[in-house]
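Visitor: Given next are the chains, with one letter for each unit.
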Amino acid sequence: MKTYGFLLRVSTVLLIVLVVLTAGAVTGGRPAWADGAPAGQDLHISQTLGARELTVVVRRADAVPGPLRVDVITHAGTPAGRLALRVIPTGASTAAGELPAAGSVVAEGTLDLGAVPGYHGVTLRVDRPGPWELAVDDGERVARIPFIVPARVVTPPEFAAYVGFTAAGALLLVALALVVWARRWWLSLFPAGGMVAAAAVGVTGALLSATTPLPPQAGPDLDPTIDNVTAPYSVKRPPLEDLSRPPVNMHLRPPEEASAGRRVEFDLLLTDGATGRPVDDLLVHDSALIHLIVVSPSGRLWHLHPVRIGRGHYQVSLVAGEAGHYAVTAEVARRGGGVQLLRSATGFEVGPGLAHAVPAPEPKGLGLREVDGTAVDLSVTGGAYGEATGIAGSNGTPGTPGTPGTEGVSGGSAAKGVSAEAGAAKEAAVEPSATEVVAGQATTINAKIGDTADLQPWLGMEGHMIVVGPLPEGKPVGKATESAPIWAHVHAMGAVRKDGVGGQPDETVAAFGPTVRFTYTFPQPGRYRLWVQAERNYSIVTVPAILDVGRPEGGDPPA
Amino acid sequence: MTDTTPADGPSAPGRTPASGTPANDVSADNIPAPDSSTTTLGVPADGTTSARSTGKRRFLSTVLSLALLAGLALWIFWPRDAGGPAVLHNGTAAYQIKLTLHSPKRGTSPVTVHVTDRQGKPAALTTVSVEPVMPHMGHAAAPATAVAGAPGLYRADNVRFFMAGAWEITVVLRGPTGTDQAVFPVLVT
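Note that the protein sequences, when read in sequence, are chains R and L.
Position 361 of the first sequence, counting from 1, maps to 361 under the UniProt record's numbering, and the rest follow consecutively.
Position 114 of the second sequence, counting from 1, maps to 114 under the UniProt record's numbering, and the rest follow consecutively.
A couple of the hints might just be wrong.
List time: in silico DMTMM-like cross-link candidates among lysine to aspartate or glutamate, alpha-carbon distance up to 25 Å [as the list claims (entries may be wrong)]:
| id | chain 1 | residue 1 | chain 2 | residue 2 |
| --- | --- | --- | --- | --- |
| 1 | L | K98 | R | D227 |
| 2 | R | K236 | L | D180 |
| 3 | L | K98 | L | E131 |
| 4 | L | K105 | R | D127 |
Treat the hints as calculated values from the structure; they're not laboratory data.
Kindly generate the complete structure, drawing on both the sequences and the hints.
Guide: And the structure:
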C-alpha cells in the first residue's frame, strides 16, 4: 500500500508537469524548446558606395532580440575611412507592441576601414523579426540595404508532432495512474486509447513535416511585414497563383557635368511599368540589388552595384575612362518575379577632361595575355566542333568559318573533361586563324586566370562573363553596345557551393579556379565583345576580348 | 411504513379536531401519497434511484464532453478577425503612424490615419494623402486626401478598393520637416 501511495504521488507530479508542458505547447505559439533548422542565411550584398566597392555580409540572426553581425569586405583600391552603420526596423504590424514603432534606429556602430583590403566587422542588435534596413553611411551618402530578420516558425505538421507526442506521453501516465489508483481497471483504457490516437497524430505530423510545401515567403514572394514573417501560416493571404509584378522602367538621370578622368556620379530612378510609382521591392539576386554594366566608348567595362538611397532611387559613381557615349544596362529582380534586364535607352555622355583619360586599346581575341599583372588565357571548347582555338586577332578582321570536326571529336572536350591545360597545349599547335565558334551551338569559353586555385567567389560565383553583340564595324563600342541585339551575363558557378551553413562562402575563401568555364550559345553570328570577370587578391580582374561567331553550315541558327 | 401509517390516519384521535377539515384531509392524503408509493416498493426503490442518478451522470458527462468538443472545434475553426477593421502600425524616422482601414472589403471604405511624433505627441501636418495600389496587378486607385479631425487624426472618407486582393496603401505625410512616406500592406476581401 505504501508503494502504491508513492507511485501515485510520483505519477501525479509527472502528470502535472506534462499537462503544464502540453498547455504551454498548445497556447504558447512559439515554444522556445522547438528545434529545427536555423532560420535564414547570410545576406551577401555588393555595394558601390562612392569610390568604394564593398561587400556587406549581414549574418543570419539566430535569436530575436539578439545580436546581428555585419561584416564589410573591402577590395583593392578602397580608400580607408570610417563607415557608420545603423539598423532600422521598417515593417508594418497589426499589433502595436511594446517596442517603439518602426522607423527609428535601434542600434548603431562604426567601422574603420583600413587601406588594406579585407574583412571588417561590427556587431549590432535587432529587437524584433521582420523587415529591416541597414544604413551604411560614409559621411556623404547613405546606402539603405533592406534585409529580413527571420522568426523561428513551427510549421503546422511540426506543431502536430509536438502536441501529439506530448499528449501521448501525458495520456500514458494518466493510464498508468488509473491502473494503479482507480478501482476499475478498465477506466485506464480510455486514456490508453487517447494515447494511441495522440501518438498517431504525432507520427503523422512528424512524417508530413519534411514534405509540407511552404507558404509564400515574406521577402521573395510577399511584401514583408512583421506579421507574415512571424506567423506565415496564420496571416490571411490573397489567393494568388502568380506572384509576379509589372516590369520596371529605368530612368538614368545623367550627371550634370561629366568629364573624362574624373568621378562621375549618376542616379537611377526605377518606376513600376504599370503604375509609375517607385519600385522599392528589388530583391538581392547574385549578391546585389542591381547589377549595373557600363561600357565606355572604347569598350572598357564596369560592373557596379548601385546603392539604394531612397524608395526606387539608386546612386552609383565611376571614374570615366574617356570622353564619349557610355552604354548602361541593369539587371534587377522584383519581388515575386524573375530577373529582368533593363537597358537604358539613353546612356550618358562624358565630355573631354584630363589628358591621361584616353581610349583603351582594342582587346585581343582568344589566347594568352596579361591583365593587371595576371596572366590570362582564353580558349574555347564546345559543340560538335571539338577543340576550337584562337580567332580574330588584335587586327580585328572577322574570321571565316572553320572546318567543323577537325579534331574528330564529337561532343567536345568539355564533356570529356579535358582540362584547359590540355586545351592550351593544343592551341599552341594550331594556328589561331579560323573562327570555330558557331551561332546556335553551345560553346564553352575557358578563362585560366593565374596559375593557382586562388580565385575568390565574387557575387557568389567563380566568374562572370558579359557578352554583347553582334556589333557593327566602325562604330564606337559605347554606341554600338547600346543598340546591340544581344546583351548577356553568363555565370561560372564551378565549385562554389551554396548549401553550406549560412549559405554561400564569402570572399575570404580564395580557393577557386584557376580556370573558370562559361558555356553560352551565341544566338546570332557576328562580332561580339566579351568581358570575363573574376576576383583575385580582393581585386576584380576584367578580361576584355573580341570573339567572332560564324554562321552555321546550312544557314541561320534555329530560332 | 410503520412511521407513516399513524400520520396517514386522518381520524387519529390524538390529533387536533381542526385537522379533520376536508382541506386538511386532502393535503394530508396527497402529500404522503408519493412517499408511500416509493416506500411501498421497498428494497428495489434503492436500486432505481442509483440507476437513475448514474444515468443522469452519464447523460451529463456526454453533454459536457460534447460541449467541450464543440467548443474546441469552434475555437479551431472560428474565422478570425473576419470583417472587422484592419489596423496597422508603422513609422518613419519622424512619425509613428497607425492606419485603420474601416472596412477591408471590396468597395469604398474610410481610412483613418493617426500620426504622432516619435515622442507620442499628435503631429501637425499640412497634408496627409492615402494612395492605394495593387502591387501584383499593377493597378493604382485614385489617391485620397485625408482631412484633419482631432489632433493627429486624419480621415479620408471614400477610398476606393475596386478589387479584392493584396493592396498596398502608401501614406504620404507632408509637414514642416518635409515629406515622409510609409507603406501599409492590407488584404481586401
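Visitor: Each hint needs a verdict: does it hold in this structure or not?
Guide: A quick look at each hint next to the structure:
1. L:K98 with R:D227: holds, 15 Å
2. R:K236 with L:D180: violated, 28 Å
3. L:K98 with L:E131: holds, 15 Å
4. L:K105 with R:D127: It is violated: about 33 Å lies between the C-alpha atoms, which goes past 25 Å.
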